[in-house]
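Dock the two chains into a complex; use the hints.
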Amino acid sequence: MVPPREGVRTFPPSGLAKTELVSPRTIAEACDVLSRASVEGKRAVLLCGGTDWIVDRHLMAPEKVKPVDTVIDLTKVAALSSIGFHEVDGARRMVLGGGVTYWSLRRDARVLGTVPMLATMARDVGAVQIQTRGTLAGNLASASPAADGVPALMALDGIAVLTSTRGERRVPIDGFFTAYRKTVLEKDEIITAIDLRIPSDGAIVTWRKVGTRLAQAISKVALAAVLERDASGVVTRARFGMASVGPMTAPLRNVRTLLEGKPLASIDRLALDAAVAKDVTPIDDVRSTGEYRIHVAKTLVWRALHP
Amino acid sequence: MIRLTVNGHPHEVDAPPLSRLLDALRLTIGLTGTKEGCGEGECGACTVLLDGVPVNSCLVALGQCEGSEITTVEGLAMGDELSALQRCFVESGGAQCGICTPGMLVSAEALLRDNEAPSEEEVRDAIAGNLCRCTGYQRIVDAIGEASVKLAMAKRPQGGE
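Going line by line, the protein sequences match chains Y and F. Quick note: the first sequence uses my numbering, first residue 1, plus one each step. Quick note: the second sequence uses my numbering, first residue 308, plus one each step.
Bound-form chain F, shown alone (with noise of 0.2 Å):
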């Protein structure tokens, strides 16, 4: 019995050690939202956070992540409500056929954690382990960059002048 915790819920999964963490989530947690693409650490579509930090799921023993905290792409959203970063990427087309999209939004949320500003070339580094083939990557680009500026907006102390 393996426990770990996925966006904020402990879980106990009852599954071999080295079975992947993709495997975990999608098949007995039941989280589809995290994607198999290559199943070899080359395409990001499995991209969750452990313990904060972007790793692909595919490469991850489910026994690695005993005590861990993942964050998947279920949990960037508020209930029904979606967070700055999705609605971003809704506005700015960040999303075509979706396959490369919950990898895509992870990366960028651990970048937004640990910078609140980034450059576009550190936008293009954090997803340069995330491979699109529909957008050309620029709308997602985009998305991440509008995606900082509203939090920093959000961030701003009300009021005042």
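So here's chain Y without its partners, still in its complex pose (with noise of 0.2 Å):
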């Protein structure tokens, strides 16, 4: 083994190096040091698995990090990995803690047997090191439209909770995001659930995502999409959400209107492309170009119908 270097410091960047954390053990616990810190006009910064922020601070220019007076840990507040389900006018909704990490979703038996979708989003999502530590709460707030997770809580219909010390709102995500990486979040807030909608037996439900390697790959686009039909065929409900097509997640409400309400046979491909290009606004950059991509999502919501 070798030996401790001596002096060598091991601090974290500028900013960082007087920082506190905090690890509170309840929701209770973790509002009430968020809310005296913004009370007292503290920095305080909520922190999972750091997948997003603790890469930030570190690769940042350090005259770029701001000074964070106290980093709150949710890792070990318990009740934020709870996996759970209910009853809502007949219709299951399961909820999931904002602390959940994809691994579980990938191998919680009550996650695969009613919501599969999500364990096979939750296995596209970087690599196994990522999905140990990446939580839903935490793909919410980091708000990056090429986030996997949250396309699939929006095609599920999912509210966002959202608890202070002043009580707890619920944010259906579609209306959760604001601009680019902006959220409704208030300062005080942290989303420790989401409920969603567990789609009907025979609906068809898809996730898709396509990148530029299996695993360890950021989106060119993602597709999250929940079909349902009536015994005759005709969409009953239609949902999406798709991943780096623009500012924020898209939940391609122009598709939506056009197949709610008809037979999936009789949608046209040139109506339903027409209505794909209506509902995205990608851009060239690092991963793909916004030409490629309005391709890719128009393909992608093509073969979502015809599985």
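Please keep in mind that the hints were generated in silico from the structure rather than gathered at the bench. Remember, predicted model here, so these are calculated numbers, not experimental data. The beta-carbon is built from N, C-alpha and C at its ideal position, and this holds for glycine as well. Careful: at least some of the hints might be erroneous.
If you only want the chain F side, here are some residues facing chain Y, beta carbon under 7 Å, derived [unchecked claim]:
id, residue
1, Pro323
2, Pro361
3, Val362
4, Asn363
Not close to chain F: a few residues of chain Y, all C-beta gaps over 10 Å, as computed [to be verified]:
id, residue
5, Arg25
6, Lys42
7, Val88
8, Asp89
9, Arg93
10, Arg110
11, Asp157
12, Arg169
13, Lys187
14, Ile198
15, Ser200
16, Arg237
17, Ile267
18, Leu270
Following this line, the structure appears as structure tokens:
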């Protein structure tokens, strides 16, 4: 074993060397710490797996790192890792704690048994080492339009449960983002859970991520889709979430309107393509071109209708 | 002061809680087997087990490890005796330049603890977060497959028939 090197300090980048780390055990305690920090004018940050935040802080130019007073580590709050079910108006819903990791989505028998699409999606996130750390709440709070978890939560009619010392409010995922990397989350709020609608039996449920390689790739485009039909084949419900085609995860509202109330078989490819084109505004960047992304977006939606 | 157990030994680490676990392991505790490749959670060279689960130690704040058990590549061998997995890497040519090897071994260790007889697809999934620029992966996949066979044989009851 190499002996410890004298005089080498393990300080994190400037701005974090004096940051305190608090590890609450309950949601109430976490809300309390966050609320107190906000009242005292302290800069507090909520931390789960750190797959975005820690990287950003360590790779950022030191002068750009804003000092943080308190980091609130949410990984020790057991209630945030819970997975449960409840019923609303006869429809079964699943409630995933904000701290549920992709790794648990991949392996949890209840998830695999009710919404296997979540497990399929989770398998496509980074690789095992990212899946064991990354959480759904972190994915929502980071608000990247390339997030993998967010499209899936959106297509499942997800509702984010936001908790603070002031109480609780519920915000549908398709109204959670306000602009590129911006959300409705207030400074004293924690994303404690996501409440999802379990697709009906016989629903067509799709997850497809297109990237440069299978693992450790950020998507060029990704699609989550849930299509429910009645006995005559008419689409009764169409929900989508598409990643990397605009400043925010896209709910594809025009596609939804086009499909609902019509027999799936009657949907014309050109009309569908036109609706997709109205719903997405992809850009050229290091991962792909806008032109290719539109092509892939149209193809993925078409294939979601014809599995 | 952060208290954690590394490879079975208790440590008290005097470092800011927002230090990376990777830096605490390499610089303070002196276990330099864990490598820093990219420093952004892409390459897996810094993989360690955190309470039995593979993580990139460049993404974990030291303070999040209070009371946790960490296993690094140094914790795989029994003294000077390489583990079956490590021997298979040596014998199959699973290690070339060596930078990815500690992370590969730790990811493979996590897989084999969880799944005694992984398929090739499962092996490839388990090491998908560990990038290797030398081997083309095949010999690493072979080494892990052979290790699973050897471990299964070692577990078989001795004698009998």
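Outcome of the hint check:
no.	hint	in the structure
1	Pro323	holds (5 Å)
2	Pro361	holds (5 Å)
3	Val362	holds (6 Å)
4	Asn363	holds (5 Å)
5	Arg25	holds (12 Å)
6	Lys42	holds (15 Å)
7	Val88	holds (34 Å)
8	Asp89	holds (38 Å)
9	Arg93	holds (29 Å)
10	Arg110	holds (19 Å)
11	Asp157	holds (30 Å)
12	Arg169	holds (28 Å)
13	Lys187	holds (20 Å)
14	Ile198	holds (27 Å)
15	Ser200	holds (31 Å)
16	Arg237	holds (33 Å)
17	Ile267	holds (35 Å)
18	Leu270	holds (38 Å)
When held up to the earlier numbered hints, the structure conflicts with none and fits them all.
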